[in-house]
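Line by line, the protein sequences give chains A and B. Okay, so the first sequence: first residue is 1 according to the UniProt record's numbering, each after it adds one. Okay, so the second sequence: first residue is 1 according to the UniProt record's numbering, each after it adds one.
In short, the hints are calculated from the structure, not lab data. Nothing false has been slipped in among the hints.
DSSO-like, lysine-lysine: derived pairs with alpha carbons at most 27 Å apart:
#, chain 1, residue 1, chain 2, residue 2
1, B, Lys301, B, Lys351
2, A, Lys74, B, Lys351
3, B, Lys351, B, Lys22
4, A, Lys12, B, Lys24
5, B, Lys24, B, Lys402
6, B, Lys24, B, Lys216
7, B, Lys22, B, Lys402
8, B, Lys27, B, Lys216
9, B, Lys301, A, Lys74
10, B, Lys402, B, Lys27
11, A, Lys12, B, Lys27
12, A, Lys12, B, Lys216
13, B, Lys351, B, Lys402
Covered stretches of chain B, as calculated for chain A (at least 3 residues, CB under 8 Å):
#, region
14, 104-115
15, 302-308
16, 323-336
17, 366-374
A few chain B residues that don't get close to chain A, going by computed Cβ distances all over 10 Å:
#, residue
18, Asn35
19, Lys165
20, Gln176
21, Trp228
22, Ser269
Here the structure is a predicted model, which is why all the values come from computation and not from measurement. Even for Gly, the Cβ is constructed at its ideal location relative to N, Cα and C.
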Amino acid sequence: MTARRSRIPATKYPVERFTLDNGLRVVLTPDRSAPVIGVAVVYDVGIRSEPEGRTGFAHLFEHLMFQGSENLEKLAHFRHVQGAGGTFNGSTHLDYTDYFETLPSNALERALFLEADRMRGPRLTEENLRNQVDVVKEEIRVNVLNRPYGGFPWLTLPPVMFDTFPNAHDGYGSFDDLESATVADAADFFRRYYASGNAVLAVSGDIDVAEATELVNRHFGDVPARPAPERPDFTEPDLTAERRTAYTDALAPLPAVAGAWRVPDPVTDFAGYLPYVVLAEVLTDGDASRLVERLVQRDRTVTSLGGYLGFMGDPFDVRDPTALLLQAHLPPGGDVDKVLRTIDEELDRLASDGLTDGELARTQARMATHLLRDTDAVLGRALRMAVLEQQRGEPGLLNELPRLVGEVTEEQVRAAAATLRPERRAAIEVIAGGVR
Amino acid sequence: MTGTTIASVGPRTLPPLGPTRKLKVPKQAERTLRNGLTVIAVRRPAVPLVELRLWVPFGRVHLARGAMLSQTMLSGTDSMTSVQIAAELQKVGGGLSAGVDPDRLMLSGAGLVTGLDRMLELLAEVLTSASYPSDEVATERDRLVDRIQVAQSQPAHLAREALLKRVYGRHPYATQTPEPGQIRAVRPAALRTLHAERVHPVGAQLVLVGDVQPEKALDAAERALGGWAGAGRTADLPAIPPLEPGPLLLVDRPGSVQSSLRIALPAVSRTDPDHAPLQLANLIFGGYFSSRWVENIREDKGYTYGPHSGIEHSVAGSVLVAAAEVATEVTGPALLETTYELGRLASLPPKPEELEQARQYALGTLQLGMSTQAGLAALTSAYAGNGLRLDFLAEYAARLAKASIDDVAQAAARYLAPARAAIVVLGDAERVTPGLAALTTVHTEPVS
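Isolated chain A, as found in the complex (with noise of 0.2 Å):
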C-alpha cells in the first residue's frame, strides 16, 4: 500500500496587533461564527522566577489575583464572571501566568474591566493569603499527596534533570515556603512582574475589531506603564552521562518510569524543535505508533505510554530549557530497566533505518486534528495566542503550526532520534509502595 498523503488543512484566523502606551501588548482574532469570547491575559512569570525559600509562590500568587482587587470586593470577580455566563480560571507554567475567562459576547466589556482593575492592582490583605495558603495546601493534598503518582513525573523529574534553583525546584512548593509566605513578599511580586510592559492581553471570537481596540484602550489605557523585568539566563549545560533515580511511592500499586531528554531552544531554534515534537508523536501516538506497537502490544512490559514536549505536555509555550519526555507505567514486577533499553532500542532502529512508507505523514495529519480541535475553542486560541505574542511575538503562528509539522521530513526526525542518547537521559523510576 502506498502512502497517500492527506492534506494539511490551516486556519485562518485574523490577527490584530497593537501596544498600548503603557507597553502593554494586545491581540485581537475576531470570528464571528458564534456568539461567545475567550479573553486571556498572560504574565511573563512563572515557576522558574520564584525567589529561593519561596517555592510556590508564583502559584500561590495566581490564587491571590483572584482575592479582589482596586475596586472589586473579595468573591466579586467570580460573581461578575459567572453572572455573565462565563466561566473563567488561571494557570502558572514554568514561563508564564495566565488568567482567562470564555464568555458570551455581550460580556466583552465587563471582562475588560475585571482584568484591568487587577492589573492595576489585586487587593493582598493578611486574611486573603493565609486562606488561600490554605486552599493552595488541599489542592496540593489532591493533587499530589493523597494520591498514588502524586507530582510524576513533572514535579519529581526536573531536580533529576536540573541543577539550579530554577529549573529543578519543586513548582508546587513545600508547606514551610508557603506558610512563610507574606503580604509584602506578594506585593514585591506583583511590583516586578506583574508590569503592564510585561503581560500580553488576548481577545477572540464573536468581536468587532474597531470596537473592540476602543474598549481596550478605555479600560487598559491608564494603568500605570512599569516596564518588564530583565528576564535572567535560565541556561543550563546538557547532561553528559545518564542520571537515575528512584523513589518509593506509598500509595502507587505498580511501578512506573519516566525519562527524558534535552531538546533545542524551541524560541530561538524552532526549526530544529519541531522534529522532536513530530518524534514524539511518532514514538507514542496511539496503536499504531512505535512504541506502543512494541513495548505495549508486543513486549506487554508496560501497559501504558505517553511523550510529549515540555514538563507541563506544552510545546509551543515554554522556553529553553525543556525536554522531550517518555512516560510508562509497568505491570506488577515489572522491569524498568529492561523498557528503557528497549526505549534506546527502538530509537536506535529509528535513527538508522528510518521512518516506514507512510508513518510519518499519518502522524502529521493527526497532530494536524489535534492542533485544529484545540483552536476551535475560541479560548484556546486567545490563550496559544497570547503565549506566542509574549514569547516569540508571532501570534500568528498559531495559523501556520499544522503546516509546519506536515513540512518535517524524515531525515529530521531520524536525526532527532539519534540524539536521544542514554548519556543525555535523565530518568525517574517509581517504585510502589502500595499494599495491594
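Model the placement of chain B on the given structure of chain A, informed by the hints.
Frame of chain A; chain B shown alone:
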C-alpha cells in the same frame, strides 16, 4: 520617584452587559436507516474537522465482559490488525476510542473532514467484523486489570464506588467497575457472543458534527453503515430506587491526609418540569464557583480546593451529587457547613440577585457548550441517548429564563433538604470519626 501622580478617576463602576444574543440551534438533519440506526448530523464549520459519536444501548450487560469488549473492540477485524486500524485512521487525521457505562457503549472519534468517508468505513469494519483475537485480548486483559488496580488506589474512585453502592443498592448501576478476577475470566468467545448479541444498529444513535453539509453526511453514513445488520437482544433498565437517607457511611482509608466527602440527593430528568428550577437551586448551592458552598468552605474557611455539585443524568434516573476533598482535621466542620448550606437553601428562598446570577450562568454556559464541534457532539449525543434532540436546548433555555424565586425555593425544599441526603465519607476513620459522630450517626466500613 517623586512627583508622579496617578490620574485620580475615583471608584470605577462595572460596565453593563451588552444585549443578549439569542440562542441559535445549528442546522441539522436526521435519518433512521433501514437497519434501525439513527444518524444525526449537525453543521458547525469552524474548523475542517468532524466529530463522531456512536451510542449503542448497552444496559444490563455483564460488567467484566462489557468492559473487556470496549477495551478490545478496536484490536482487530477479519481483515485488519489493531495496528492497521489505528494507522488507517491516523492517515485521515482520525482516531477512534471505545468506552462503556451502565447505559451505553460509546465509540468516539474526530478527524479531518476530508477523511469522513474513510472513518465511517473503518467504523463499519469494526462494528461488523471485530474479531477479538486471542493474543490481543490477553494483552488487553492484563492492561485492564492493571488499570483497575490503579483506579482502586485513587481516593476519588473509591469514594465513587462506595457512593454508587450506597445510592443504587441492588440496581445495576450500583457496581460499575469489575473486579480484577472477573476480568481475568473473560475469554474471546464471550466477547464475540456479546458483540453479536448487543452491538447492533437497532436503537443506536450516530452523531456527526463539524464542517459538513448535514444531508451529505447522512448519505455518507448510510453508505458506510447501511450494511451493519443484526437484530440482537435489547434490555431495559429498571428505574433507579428512591434515595434512602440513613446513617453516614464512613469508609476507612487509614493514613489519608484528606477526606472525600460525597453527598447524594434526589434529582429529576431533563424533561421534568422541576428540572430547570432544580438546576438553578443546585447552582446556588454548589454547582459553580460563585455558589454558597464554594464561598463558604473554600473562600472563607480554606477547608478544600475544589468542591462541586451537579446533577448526573442516566437513562434509568437522575441523582444530584456534591463532592469535596477536605483536609482530614476539618472533616467534621466541613460536613457541618455543607449541611448548613443545604438546609439554609431548602428552608429559605434565595435572594433575587443570587437567582439572576445563577440564571445568567446557566444560560451563558449553554452558549459556550455549543460553540465548539466537540462540545456540540457531546451534547447532541447525550441528548439523543436520552431520547431528546438539540431543539430541546431552546425549550430548556426558556424554562431557565422563566423559573421564579418560588419555583427555585420549592425545588430546593423538595430535593436539597439535608434530611433527604445519603452521605459517604472516605478517610482516616480513627481521625475523623469523632468530628462526624458529633453531627450524625456514623456507620463505618473498611475500604473495599
